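Asker: Here the protein sequences line up with chains V and E, keeping their order.
Just so it is clear: in the first sequence, position 352 is 352 by the numbering used here, and no numbers are missing.
Just so it is clear: in the second sequence, position 23 is 23 by the numbering used here, and no numbers are missing.
Keep in mind that the hints were calculated from the coordinates and are not lab data.
These numbers come from a predicted model, not from an experiment.
Glycine is no exception: its CB is placed at the ideal position from the N, C-alpha and C atoms.
Among the hints, erroneous ones may be present.
[Claimed, not checked] With the C-beta cut set under 10 Å, the calculated list includes, among others, these residues of chain E facing chain V:
| # | residue |
| --- | --- |
| 1 | G40 |
| 2 | V41 |
| 3 | D62 |
| 4 | P64 |
| 5 | P68 |
| 6 | V84 |
| 7 | R116 |
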Amino acid sequence: MTQIVVLPVLLPLLGAGLCLVFGRSAAAQRIISVVVLGAVVVTAATLLVRSDRYGPQSVSIGGWGPDIGISLVADRLSALMLLVSTFVTLCVLLYSFGQGIVEYGRETPLSVFHPTFLVLSAGVSNAFLSADLFNLFVGFEVLLAASYVLITLGGTEARIRAGTIYVIVSLISSTIFLIALACIYAATGTVNFAELAIRLGELPPGVAQMLQLLLLVTFCIKAAVFPLSAWLPDSYPTAPAPVTAVFAGLLTKVGIYAIVRTQTLLFPGDGLRGLLLWASILTMVIGILGAVAQSDIKRILSFTLVSHIGFMLFGIAYATQLGLSGAIFYIAHHITVQTVLFLIAGLIEYRSGTTNLSRLGGLARSAPLLSVLFFVPAMNLAGIPPFSGFLGKVALGQAGIAAGDWLAITAVVASIVTSLLTLYAIVKVWNRAFWQPVDPDAEHEDEDIWSHGPLHGHEQVSTGTQVTTMWEKVATEQRIPLSMGLPTVLLVAFSVGLTVFAGPLFAITDRAGAELLQRTPYISAVLGDQR
Amino acid sequence: MSTNVVLVVAIVVLVACGTTLVLERSLTRILVGFVMLGNGVNLVFLVASGEAGSAPIIGSSDEPMTDPLPQAMVLTAIVITLGVTAFGLALAYRAWQLTGHDDVQDDVEDDLVTRRADLDHPSASFDDVTAGMPDEEGEDEPEPTPQVGGRHTDEGTHPREEAR
């Protein structure tokens, strides 16, 4: 039964191949993608139950020992991340079918989307399940390569511009990862997590700390932790709505997952506690100040994404069961909520042709259902009781108070300030897009600013908003098709479900946190397989 | 353990040149820089694998073998670099098709915020209290008259006007 650990990686890759074979038939591609991702969700749920009941599930691929071969392990943390991420991916896939009618015209080749999307899912699963550092690197590269294609889908000018920056930043982080891998191999002679957990402890503390910092820098770029976060709000908003949604939900969380895994398993203890806490405070506060200054829904959401990464880091920094449990719960909550908010931004764009707050207005009257759909996850993101965002923040706050020193208290205060500012940013969206009537002379405002000379490299300006004005003519006041609405409703219901079933979920994350701190279940699951 | 100095010097040169090129504006140069950087890092793996020995086939020789694992990793890394470089070149070509150059461009929306601040212009998302906000019952909704207060009353003395 442990063999099913390989399925979340294998199935999407096979599905991607099949999708390419049936590239000419959109219907066949849809069926393949949905069946494959559905099967992966079932597998992930099975893995979560099994890992919770019987301990970490481990497989050595091809029968090679863990010292030279590749192992995949699903413990509670991996399985939970896998379940939430694949479920969200499935919903986004269903949503993209509905959007296909508008978004994938001549400009966006439909036949590339499905295989790439499945490869992305395989990469994410591989990163979550990987039990060695090099396979984690491969997982990252697989998902990044797929994301390069998705973020530049259609090759319009705005997407090429945003994609260029995204690709370069990702390349740099991958290079740093490779350097870290080489150094770790030179110091210990292995890249397997379980063996590293034993051997890194025997290194001189200075060497071990350098390796830890190298890995931390790599994963902080991928997770968009301040000051390594500037790439994210620039590159995400221009991509198509389903792509942005799945990136926002998953890619940064894979980085966070990697931080959790390496900080607890490889470098136990709280050696970098001060650094991580400062990074989390700055990420939270500076990220949300960015969101407050923006005037486009997608960009506001991108900045809140950066800001809330700080919450997760804040839980990791304590390296206590309470903190880790809170962080894991918060990751599950945030994947769902951030994805659904980007999907709703996509619905707003579909309906009104823009996500610029200056041009939106009166949606509460003209689209009441959409308003409810936005309101619930928006309040959830801001952490209004009784939603799961509130519960996650309370758990993290408790962990901070339990730690008790002044830095931890500062972090708790910063998290409260960030929550209030998130509420401010979200209420701004609510007021301007949903409650206020459209501002008739907002159109000319931007032109004034652009009359002061061009930017570097721009002959004429092309922004996300200007691209969407093209749609504005086509798509004004369109009704939202059911195929886009239903997956969104499903995800909103799932995010509310996280609130309703927060008790059992917290029980699992508590056990996951304890398991991470013990380390032995994971190590013995991997090395016990050795023949 | 002794280290091969030639390899270390090669790494230093490749990484240093690569880093310099990555800091350029043009995407093609950045890609050349990335390739150099990648090759430099691949050499780090060779240093990491320890001293060179015979071919890593069991039973082929009595001398100590080279560690094969880092070489397998380098092969993987080379393949990844190849694929990503190909994608990057396609990206550069597409950028050239669209704009006539392949320079990495500034973030437009970000610059918009900076320019608003420089011009002392209220943010586009600035809620003007007097500017036709409906009250809670929505009674004083659409105001057909031009808005008063806030961003439009000081038009004459606005720095934006002076700059024209």
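Asker: Find the hints from earlier in the document that the structure breaks and name them by number, from lowest to highest.
Answerer: 3, 4
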